[in-house]
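Student: One-letter residues, chain by chain:
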Amino acid sequence: MFQLVSDQPLILARGLAKRFGDFTAVDGIDVSVAPGEAFGFLGPNGAGKSSTMRMISCVSLPTSGELRIFGMDPAVDGSAIRARLGVCPQLDNLDPDLSVRENLTTYARYFGLSRAEARRRADELLEFARLTEKAGSRVEPLSGGMKRRLTIARAMVNDPELVLLDEPTTGLDPQARHLLWERLFRLKQQGTTLVLTTHYMDEAEQLCDRLVVMDGGRIVAEGSPRALIETYSTAEVVELRFGQIRPADIVGKLEGIGERADPLPDRVLLYTADGDAAVAEVTRRGLQPSSVLVRRSTLEDVFLHLTGRTLVD
Amino acid sequence: MVSTMLAVRRLAPRRVGAVINRNMGALRSGPSYWLVLLSGFFEPLLYLLSIGVGVGALVGELRLDSGRVVSYAVFVAPAMLAVSAMSGALAETTFNFFFKMKYQKTFEAILATPVRPMEIALGELSWALVRGSLYTGVFLVVMVALGLASAGWALLAFPATILVGLAFGAVGMAVSTLMRGWQDFDLLSTGQFALFLFSGTFSPVGDYPAVLEALVQATPLYHAVELVRGVVLGELAAGLLVHVAYLAVMTVAGLLFAARRLERLLCP
Ligand SMILES: Nc1ncnc2c1ncn2[C@@H]1O[C@H](COP(=O)(O)OP(=O)(O)O)[C@@H](O)[C@H]1O
Ligand SMILES: [Mg+2]
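For the record, the sequence lines run as chains A and B. The first sequence begins at 41 in the numbering used here and counts up by one. The second sequence begins at -9 in the numbering used here and counts up by one.
Looking at chain B on its own, in the form it has when it is part of the complex (with noise of 0.2 angstroms):
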């Protein structure tokens, strides 16, 4: 703890900054980058409005737990939300870092200099934010421009977006780390499907057998989702801090266990 306290004093924006710099300079001369970009953020608009809409049109409506009663689409669009956060995240913090780590060496170059591996998952982190926010502020706007949210709400959601892109890429960041090579990463994509499928994103998780509801609590993207679509329909209340907690213990158990092994990996 207090290591971890030292640790943390040492750090230096400046060199976060250099490592989001890299990033940047990466995204701007390579042009394929760009299609990649924009096919991450087509993905949940697309699901928005094939379920959403097509969906909704059988399902009708649905009563919250407060008793509220709203259309399909409002109960699905910041679940999707959620989900564009998580993703916009997971793509940068999990194939593009793995790349770098592994096969580009470019954390090793970096490590030669005074930046630590803290200030590398750091940077690492704040880069997949700036997409994930990216994708999850334009997904806002076409949320409120189909009425499946107020202005107000939704600018408020975007902080809560914004924890749960630290979230995921943080622990996908912690995972890359753990991978032996690419077949892993089909693991890790059947992973973020299941979770995507079950996590109280296409029905309510009261509506689940209780054994599936209670495993589901447990699992990240459903805090996820209840956070956001808590945010996002003005249903405030004391639970929600709860989610808010359990992101934010993923957010820093992520980043230490990135540092620590990068430099495991990297400085035998």
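Isolated chain A, as found in the complex (with noise of 0.2 angstroms):
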């Protein structure tokens, strides 16, 4: 037969907006993810990544705009889109009448495998997600992160091309998240196509190649983290705490150091290609900070540039 071109876009996303009454979730964005691509959406709380990612899941139909995954239409075929997608969502949504290694099977039927695939598939995807021990486990007494786990595994139970993940580590402790970047790390390895929300800028720094930062139903910027980092942002940071002091009485005086200063409710971001410099600067002026910290730039920063406010609250 024909081959299709391999370099046209898994997802291509033309002024989509979704609507729910007079509220505009997301209001006409553009995006464009390549096959092997690991994009992300980061953005606050109600920025309108979750929504975005119901309209590129076939769950929930655009108000507006044009929407094509691996070039079709989801109003039109959906069911055909769905059968090629791993969709993990924000809330786990796990069977709990079945068992770990059942929900797997369960759902692989879903997609039409045999019962002796969906059981050949549950074993290695048990393997995969590190849930092999707890294959006859109900869902309920699992962690945190091995729900998760088992939601990721589940999500690849068709051997999708294009895996979609919604805060896939949020709520989670340190060492959970690092194990699921880890396993999400080895799928993007294979060749997977990622697309994540996050409201973590570490785990869009290590995961994403691309990202959109999104907020208020809008994207107010793309491209890498490094891009995104060099463009909007210096590439150090120094953090001061002025103890009684507020921030925002002492950002006067600090005029002249660095790019420019950033008052928080807590303390002052003073953003310079030289943080030791900048700090040598403030001492010499004779402030007297009660904490100073240099660090690079991050995407956090970033997103406070762009918008004026933190991504996690």
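These are calculated hints, taken from the structure and not from any lab test.
Simulated restraints on C-beta separations: (1) Trp172/B <-> Pro49/A: 43 to 49 angstroms; (2) Leu48/B <-> Glu180/A: 49 to 55 angstroms; (3) Ala2/B <-> Pro49/A: 25 to 31 angstroms; (4) Glu157/A <-> Ile152/B: 31 to 37 angstroms; (5) Tyr93/B <-> Arg349/A: 31 to 37 angstroms; (6) Met14/B <-> Gly55/A: 42 to 48 angstroms; (7) Met14/B <-> Pro49/A: 39 to 45 angstroms.
Simulated coverage check for chain A against chain B, where a stretch passes if three residues somewhere in it have a Cβ under 8 angstroms from a Cβ of chain B: (8) 94 to 105; (9) 131 to 144.
Here a beta-carbon is modelled for each residue, glycine too, at the ideal position from N, C-alpha and C.
Given two chains presented individually in distinct reference frames, assemble the corresponding complex, making use of the accompanying hints.
Tutor: Printed below as a string of structure tokens:
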């Protein structure tokens, strides 16, 4: 037969919007995701990330705009598209009536896998998710990290070309997050296209080749984590705390140091190419911060610069 | 109409089967479920014994429209059978269906796969029918054993009870998609009980006042009772087709409505 051009985007959205009554959750976004890419939506709660993911998963139809997944229209071929997707929703919806293993085998059947295929696939995925020992257990007693890994394993049951992960590690402890990241990294290395949402900048930096920053239903910036930091921030950031003095009252005295100073409720962020030089200048001016921290710029700083707000409050 | 036909063409039996398979898995791994199943079976049977046999001793015999005279137990048994088919299907498509839809997010998870809302509705209804048929099957055996029906007519009555289960299961599912919370289920069981009392179950509707008779003839359990009783007593008449049509419309309308609502609720 014929082969589709391989660089055809897996996801193509133009002016994509979602409204609930009068409320606009997604306000005309343009997105294109290529095969093999790890793509992220970074934004705070309420930015419209889940609404976007649900449209891409073909469980929610766009209110307006154009959306193509694998070149197909979700309004027409929703079922055929979903057959090739793996979806890990924001909130786990594992089946509490079934065992860990049955959660996988049962789900496989929805994709039309035979009983034997379902069993074989479940065993592989239990191994992948490091849940082989829990195979016979119910879902409820599992830890948050285990449930999340099971949900991701379930999303892989149909060997999807595109995996959608809505806040894969929110609410997990650091150890559980690192294990999950490591599993997702393996998927990425196998060439699976990943699309994820997160409000953790470290997660976006770890996993995403390219991302968009979302706020209030719109995309406010797009690029690789490194490019975004280079464009919207400086190489280093100095965090200054001044005890009793309000950060807003101090900013005036920092003028001219680095590129700019942002007062937050509890500290001042000083954006500069050279952190140590900036600290020296602060001391020379006779200011006495109660604590000083020099660090590299992160996506958090990009977000703060673009929206004036922090990602996680 | 055209879109409905198109939608039907795209349904995959395999995916409907996968939904049934999920419920079978849940049944196997939950021991409490078996208890629920068992109690659902005993309820109509106890009614049959207490009313059919107990009240029957007081009432004695009863003359049917056809002029045939039968014992009261023979008259009541097919109605209890129809009630059993109704309750069996309803138990699954109301309470359990609602729980899976609203709290357990079972259908939400399924809708992220190629399975369509109508395939969920069909799978759930088929499963309800498996449960309902278990009740009615055993019930029919008991009726034959007690001499309340002949084996031949009982065999023919089985498909009639399946149609009853389909009709009530589908409508029950549709109603469940409209439920706001558990408090609404009290309303539903009150309605179910009212149908149980006034559907020509315990006395021929001809004995009701005219207004009540007309009202009862509009309600679904009446048609179920008349159909099942007609077949069990071997009184086949063209009029039974009206009941068949009524129940068939319930099935199709209930399914279409339920699938529509599932999509509206779970795919906003
Ligand atoms: N089904 C819905 N009905 C009404 N409002 C909704 C619905 N889903 C999401 N929203 C609203 O849309 C906005 C964006 O939500 P969401 O897409 O979940 O954002 P995020 O995932 O980035 O936190 C929120 O204000 C939320 O309340
Ligand atoms: Mg979200």
